[in-house]
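S.K.: Sequential numbering from 1 applies to the first sequence in my numbering.
Keep in mind that the hints were calculated from the coordinates and are not lab data.
Treat the hints with care, since some could be wrong.
Unchecked claim - Calculated pairs, DSS-like style, for lysine-lysine (alpha carbon to alpha carbon, straight line, at most 27 Å):
(1) K164 / K99
(2) K164 / K129
(3) K205 / K164
(4) K129 / K205
(5) K129 / K99
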Amino acid sequence: MPELPEVETVRRGIAPHLVGEKIDRMIIRQRQLRWPISRTLPGAVANQCVHTVGRRAKYLLIELDDGHLIWHLGMSGSLRILQNLPTPGTHDHVDVCLKRGATLRFRDPRRFGSLHWTCVDPLRHRLLKNLGPEPLGEEFSGEWLYARSRGRSGAVKNFLMDSKIVVGLGNIYASEALFEAGISPVRAAGRIGLDRYRRLAEVAKTILGQAIKAGGTTLRDFTKAEGEPGYFAQELQVYGRAGEACSRCGEPVRSRIIGQRSSFYCPQCQN
DNA sequence: AATCGCGCCTGACGGC
DNA sequence: TGCCGTCAGGCGCGAT
């Protein structure tokens with residue numbers, strides 16, 4: 001389940017192998033992802049050079065001569081750079097073959113990922129145009145959260161995971177940030193003060209920054225571009241730790257479903 | 001405008 | 001051993 005740090009790790013892993021390279025061809029074995037891949041995509045990208053590999057939220061933006069690939073890994077997607085091309089497995093849906101021989105291979109067992117092509121500003125694409133600020137950017141702050149949360153009665157965890165409020169805070173990091181900030185995940189977003197939101201924004205930035213530095217969380221399907229796992233899973237304080245002692249007070253960590261998502265928190269430390 | 005629930009899909013896991 | 005039901009999970013979307 002790639003979250004933002006994982007996607008950023010993938011971006012950094014594949015970028016050096018792609019930038020400046022020319023695409024020979026694209027092979028699509030399975031079009032039916034979250035949205036069907038356009039039939040015209042392979043023809044559109046052939047013989048184009050890669051200029052940059054960027055990211056907006058969890059979307060990777062691969063800039064070519066005449067447009068951008070907008071690539072989402074869903075929850076089980078991976079992108080690998082391969083020099084010697086093994087026979088594709090059942091879930092290896094897309095290959096981007098470069099002229100000089102390397103291949104970018106997309107594997108996605110659950111097919112929640114997506115791949116789009118756009119010839120205009122990718123930030124204007126329907127999937128990107130309404131996204132909130134990047135969590136590591138300056139626009140994202142306690143003040144921002146406070147202002148946007150006034151009058152909202154829903155649980156703060158759902159508020160944090162709303163991509164119009166801030167992107168890249170998925171289920172894992174939302175739980176972790178709320179634990180660090182000492183805020184109950186079910187507290188109404190509109191009933192949290194500025195000081196607590198400042199703390200929340202601060203810890204969110206710290207946690208995401210540390211996770212990126214560590215190379216992303218390792219859970220189930222995730223591995224970095226080169227294949228080795230990230231090393232952040234051991235740093236998670238509450239996620240996936242129901243029943244274990246809270247690292248701060250020793251009370252058992254609890255889990256419950258909030259907004260159809262499993263959530264983890266310490267009933268003693270978070271209120 | 002905010003909020004809620006759905007559905008896409010497969011692998012892992014538990015129960016029998 | 002094998003089969004089956006259940007669940008997780010990102011996130012856009014339609015309904016309320």
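S.K.: All hints, please: hold or fail.
M.R.: Each hint tested on the structure:
Between K164 and K99, the direct Cα distance comes to roughly 39 Å. Violation of the 27 Å bound is thereby established for this hinted pair. Distance hint between K164 and K129 is fulfilled; the C-alpha atoms sit about 10 Å from each other, no more than 27 Å. Restraint check for K205 and K164: the C-alpha separation of about 17 Å stays at or below 27 Å, so the hint holds. At roughly 23 Å between alpha-carbon atoms, K129 and K205 fall within 27 Å of each other, so this suggested pair holds.
Restraint check for K129 and K99: not satisfied, since their Cα atoms lie roughly 33 Å apart, outside the 27 Å limit.
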